[in-house]
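**Student:** Top to bottom, those sequences are chains A and V.
Under the working numbering, read the first sequence as residues 1 to 310, first letter to last.
Under the working numbering, read the second sequence as residues 1 to 349, first letter to last.
In short, the hints are calculated from the structure, not lab data.
Please read these numbers as outputs of a predicted model, since none were measured by experiment.
Treat the hints with care, since some could be wrong.
What the hints assert, rightly or not - Derived DSS-like pairs: lysine-lysine, alpha-carbon spacing no greater than 30 Å straight-line: (1) LYS174(A) / LYS90(A); (2) LYS128(A) / LYS182(A); (3) LYS128(A) / LYS307(A); (4) LYS174(A) / LYS63(A); (5) LYS63(A) / LYS139(V); (6) LYS139(V) / LYS307(A); (7) LYS139(V) / LYS128(A); (8) LYS128(A) / LYS63(A); (9) LYS211(V) / LYS65(A); (10) LYS211(V) / LYS307(A).
To be verified - To give an idea of the chain A side of the interface with chain V (calculated C-beta under 7 Å), a few residues: (11) TYR30; (12) HIS32; (13) TYR33; (14) ARG37; (15) LEU38; (16) TYR42; (17) ALA62; (18) ARG140; (19) ALA141; (20) SER271; (21) ASN274.
Unchecked claim - Distance ranges between label pairs, derived from CB positions: (22) VAL164(A) / GLU56(V): 55 to 63 Å; (23) LEU157(A) / GLY209(V): 33 to 41 Å; (24) PRO107(V) / ALA91(A): 42 to 50 Å; (25) THR136(V) / ALA232(A): 16 to 24 Å; (26) SER135(V) / PHE252(A): 46 to 54 Å.
Even for Gly, the Cβ is constructed at its ideal location relative to N, Cα and C.
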Amino acid sequence: MSRETTAKTLAKTAAQAPAAVPDVIHNIGYRHYDGPRLGRAYARRSLFSQSLRGAYGLGRSAKSKVLPMLLFAVMCLPAAIMVAVTVVTKAGSLPVGYTRYAIYVQAVIGLYLASQAPQSVSRDLRFKSVPLYFSRPIERADYVVAKFAAMASALFLLTGAPLVILYVGALLAKLDFLDQTKGLAQGLVSIALLSLLFAGIGLVVSALTPRRGFGVAAVIAVLTIPYGAVSAVQGIAFVQGNEAAAGWLGLFSPTTLIDGLQTVFLGGTSSFPNGLEPSTAAGYVYLLVTLGVIAGCYALLMRRYRKAGL
Amino acid sequence: MTVIVTESLSKRFPRVTALDRLSVDIAPGVTGLVGANGAGKSTLIKILLGLAPATEGTAHVLGMDVTAHGSTIRERVGYMPEHDCLPPDVSATEFVVHMARMSGLPPTAARERTADTLRHVGLYEERYRPIGGYSTGMKQRVKLAQALVHDPQLVFLDEPTNGLDPVGRDEMLALIRRIHTDFGISVLVTSHLLGELERTCDHVVVIDGGKLLRSSATDDFTQVTASLAVEVTDTDTCPDGTEALRAALSAAGAVVTSAAPGADGPAASGHLLHVEVSGEETYDLVRDTVAGLGIGLVRMEQQRHRIAEVFRDADAAAESSAAAAAAPTAAPAPAVSYAPQEGGAPDVA
Chain A
1 MSRETTAKTL
11 AKTAAQAPAA
21 VPDVIHNIGY
31 RHYDGPRLGR
41 AYARRSLFSQ
51 SLRGAYGLGR
61 SAKSKVLPML
71 LFAVMCLPAA
81 IMVAVTVVTK
91 AGSLPVGYTR
101 YAIYVQAVIG
111 LYLASQAPQS
121 VSRDLRFKSV
131 PLYFSRPIER
141 ADYVVAKFAA
151 MASALFLLTG
161 APLVILYVGA
171 LLAKLDFLDQ
181 TKGLAQGLVS
191 IALLSLLFAG
201 IGLVVSALTP
211 RRGFGVAAVI
221 AVLTIPYGAV
231 SAVQGIAFVQ
241 GNEAAAGWLG
251 LFSPTTLIDG
261 LQTVFLGGTS
271 SFPNGLEPST
281 AAGYVYLLVT
291 LGVIAGCYAL
301 LMRRYRKAGL
Chain V
1 MTVIVTESLS
11 KRFPRVTALD
21 RLSVDIAPGV
31 TGLVGANGAG
41 KSTLIKILLG
51 LAPATEGTAH
61 VLGMDVTAHG
71 STIRERVGYM
81 PEHDCLPPDV
91 SATEFVVHMA
101 RMSGLPPTAA
111 RERTADTLRH
121 VGLYEERYRP
131 IGGYSTGMKQ
141 RVKLAQALVH
151 DPQLVFLDEP
161 TNGLDPVGRD
171 EMLALIRRIH
181 TDFGISVLVT
191 SHLLGELERT
201 CDHVVVIDGG
211 KLLRSSATDD
221 FTQVTASLAV
231 EVTDTDTCPD
241 GTEALRAALS
251 AAGAVVTSAA
261 PGADGPAASG
271 HLLHVEVSGE
281 ETYDLVRDTV
291 AGLGIGLVRM
301 EQQRHRIAEV
311 FRDADAAAES
321 SAAAAAAPTA
331 APAPAVSYAP
341 QEGGAPDVA
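All chains, full assembly: derive it from the sequences and hints.
**Tutor:** Here's what the structure looks like:
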C-alpha cells in the first residue's frame with residue numbers, strides 16, 4: 001500500500017520534472033524557412049523604402065541624421081516666417097508664389113542633393129555591395145528605378161513640406177481657397193518635375209565615382225556652375241536688349257529649366273532678369289529638354305550598372 | 001538529382017575565351033571548384049546566377065534554365081562574393097535584415113531568419129555593432145550570413161577563407177561542412193588552396209582555361225594511390241638502413257621510391273622511403289621486413305596524394321606535348337650553341 005503510494009508519487013514527480021525546469025535554452029538547430037517569398041516587386045519596394053529612409057538618415061547612425069534634418073528645417077523655416085508675416089499683417093496674398101519657392105531656396109535643395117545622392121549610390125559602389133543586390137531576385141532596372149524613385153521622393157518631401165506649410169498658413173490667413181489650392185497644385189507639379197530632374201542629375205553624377213567626397217563636390221558643381229553661368233549670360237543678353245536670347249539661355253542649367261517651365265505653364269513668375277518670361281515655343285522646348293534629361297539620366301544609370309560588378 | 005548541370009557552356013569575350021564548352025554535373029553536397037586565377041570560376045558563377053548570358057550551351061541550376069528563370073534561381077540561391085562587400089556604418093543585424101528583404105522575405109521573417117543565421121555562423125553580441133569595427137573573420141561570417149539568410153537550396157561561396165588566419169580558416173571550413181550536413185544546403189565553393197577543398201568537399205571540379213580538367217569525388221583524387229612514408233634508423237649490422245630496407249622491400253615485390261611523389265625540396269630527403277600501398281598486406285610487409293632486418297622504425301605514416309598533383313600531371317602532359325611539338329624545329333639549335341663552347345674549350349685548358 002505504502003509502496004504503491006511511493007510509486008505514484010515518484011511517477012507524479014517524474015511527470016512534473018520537465019515542467020519544473022523552464023529556464024533551459026534548447027539548441028533547436030537549423031530551421032528551414034518555408035514561409036512566403038515575395039519576389040521582385042517586394043524587393044524593389046524594400047530597396048525603395050530603405051533608400052528613402054536613408055536619405056533622411058533613418059536607419060543610419062545618429063550622425064547621418066543631422067544634415068538632412070537640418071536642411072529640412074532650413075527649407076521649412078522661411079515658409080513658416082512668410083506664413084507668420086501674412087497672418088499678422090493680414091496681407092492679401094503670400095509674399096512668394098508656390099511655384100517660385102523652390103527656386104528661392106535652390107541652394108538648400110542643392111546642398112541636400114549633394115549630401116544625399118552620393119550616400120545613396122556611391123556607398124554601394126564603394127563598399128561593393130552592388131553584387132549582393134544583383135545576386136538576388138531584382139534586376140538592374142529594379143535597382144535603378146528604386147534608387148531613382150527614392151531620391152526623387154526624398155526631394156519631393158523636402159520641397160513639398162514648405163509648400164504645405166504655405167498652403168495651411170494661407171488658409172489660416174483666410175486667403176481665397178480656390179486660388180490657393182490651384183497655386184498649391186501648380187507648385188506640386190513644378191516640384192515634382194524639379195525632384196525628378198535633380199534626382200536624375202544627382203544620381204548620375206554620384207554614380208560616376210565610388211568616392212563620396214568627389215560625388216558631393218561634383219553634384220554641387222553641376223548644379224551651381226551652369227546656374228551661375230546662365231544667369232550671368234542672361235544678364236548680359238538682357239542688358240543688350242536681346243530678351244529672346246535670354247529666354248532661350250535658361251535651357252542650359254537645371255534650375256533655370258524648372259524656373260522657365262513654371263513661368264510658362266504653371267502661372268509663376270521667373271527669377272530671370274526683370275521677371276522675363278520665355279515664349280510659349282521656348283516653353284515647349286523647356287518641357288522637352290526637362291523630360292529628355294530625366295530619361296537620359298535613367299538611361300545613363302542603366303548603362304552604369306550594366307556590369308553587375310560581380 | 002543534380003543541382004547544377006551545364007552542357008557545352010561557352011563564354012567568349014572579344015579577346016578571351018572564359019569558358020570553353022564546359023560540361024559538368026554537380027550533385028547535392030559540397031563541391032569544390034578549383035582553378036587558377038582567370039580559369040573561369042567567376043564567369044561560371046555569373047552565368048549560373050543568370051547575370052551574364054552564355055555565348056553557347058545551356059546551364060540549369062536546381063532544374064531551372066538560367067536564361068529563362070534567372071530571377072527565380074536567385075531567389076533560391078545564395079552568393080558570397082570573394083571581395084569585401086559590407087558597408088561599415090551599419091550593424092550586421094541591420095545589413096542582413098535588409099539583404100533578407102531583398103531576397104523577398106517579409107519583414108518579420110527577415111528579422112527572425114537574421115537572428116537565427118547570425119547565431120549559426122557564430123556572431124553573437126557583436127551583431128549590434130557597426131560592421132566597420134569587425135575583424136576579417138567576423139566580416140567573413142557576415143558575408144556568409146547574408147548568403148544563407150533566405151534559406152537557399154544552394155550557395156556559391158567565392159574564396160570564403162580569403163584573408164583568414166589558420167584558426168579562422170579551420171572554423172570557416174567546419175562551418176562550410178555544416179552548411180551541408182546540418183543545414184541541408186548544397187555548396188559550391190571556390191578556392192585556390194587545394195588542401196582546404198580536400199578537407200571539406202565531397203566532389204571536386206577542376207577547370208583550367210575555361211575547360212574541364214577533371215571532375216570526380218574527392219576520395220578518387222586522394223585515396224586511389226595512397227602511399228606510405230617509412231623512416232628507419234641505421235644499425236651496426238645495417239650501416240645504411242634505408243637502402244637495406246629498400247632492397248628488401250623491392251625483393252618482396254613492393255613498389256618503393258625514395259622521393260615522395262611530387263614532393264620537392266628538403267622534404268624529399270634520402271631517409272624517407274615511399275611505399276605504394278596495394279592493400280592491408282603492405283603494412284604487414286613493411287613491419288615484417290623492418291623487424292627481419294633488425295633496424296629501428298622511426299615512423300610509418302599514410303600519405304595521401306594531393307589534388308595539386310592533378311595540376312602537376314596536367315602541366316607535365318602539356319609540357320611533354322609542347323616539347324614534342326617543338327622538338328623538330330628546336331633540333332638545330334643545340335648544334336649552333338655548342339659550337340662556341342667547343343671553340344672556347346682550349347682557353348679553359
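**Student:** Each hint: holds or not?
**Tutor:** Here is what the structure says about each hint:
{"no.": "1", "hint": "LYS174(A) / LYS90(A)", "verdict": "holds (9 Å)"}
{"no.": "2", "hint": "LYS128(A) / LYS182(A)", "verdict": "violated (46 Å)"}
{"no.": "3", "hint": "LYS128(A) / LYS307(A)", "verdict": "holds (12 Å)"}
{"no.": "4", "hint": "LYS174(A) / LYS63(A)", "verdict": "violated (41 Å)"}
{"no.": "5", "hint": "LYS63(A) / LYS139(V)", "verdict": "holds (23 Å)"}
{"no.": "6", "hint": "LYS139(V) / LYS307(A)", "verdict": "holds (25 Å)"}
{"no.": "7", "hint": "LYS139(V) / LYS128(A)", "verdict": "holds (14 Å)"}
{"no.": "8", "hint": "LYS128(A) / LYS63(A)", "verdict": "holds (23 Å)"}
{"no.": "9", "hint": "LYS211(V) / LYS65(A)", "verdict": "violated (52 Å)"}
{"no.": "10", "hint": "LYS211(V) / LYS307(A)", "verdict": "holds (24 Å)"}
{"no.": "11", "hint": "TYR30", "verdict": "holds (4 Å)"}
{"no.": "12", "hint": "HIS32", "verdict": "holds (5 Å)"}
{"no.": "13", "hint": "TYR33", "verdict": "holds (4 Å)"}
{"no.": "14", "hint": "ARG37", "verdict": "holds (4 Å)"}
{"no.": "15", "hint": "LEU38", "verdict": "holds (5 Å)"}
{"no.": "16", "hint": "TYR42", "verdict": "holds (6 Å)"}
{"no.": "17", "hint": "ALA62", "verdict": "violated (11 Å)"}
{"no.": "18", "hint": "ARG140", "verdict": "violated (9 Å)"}
{"no.": "19", "hint": "ALA141", "verdict": "violated (12 Å)"}
{"no.": "20", "hint": "SER271", "verdict": "violated (38 Å)"}
{"no.": "21", "hint": "ASN274", "verdict": "violated (48 Å)"}
{"no.": "22", "hint": "VAL164(A) / GLU56(V): 55 to 63 Å", "verdict": "holds (58 Å)"}
{"no.": "23", "hint": "LEU157(A) / GLY209(V): 33 to 41 Å", "verdict": "violated (54 Å)"}
{"no.": "24", "hint": "PRO107(V) / ALA91(A): 42 to 50 Å", "verdict": "holds (48 Å)"}
{"no.": "25", "hint": "THR136(V) / ALA232(A): 16 to 24 Å", "verdict": "violated (53 Å)"}
{"no.": "26", "hint": "SER135(V) / PHE252(A): 46 to 54 Å", "verdict": "holds (52 Å)"}
Figure legend: structure checked against the earlier numbered hints; hints not met, in rising order: 2, 4, 9, 17, 18, 19, 20, 21, 23, 25.
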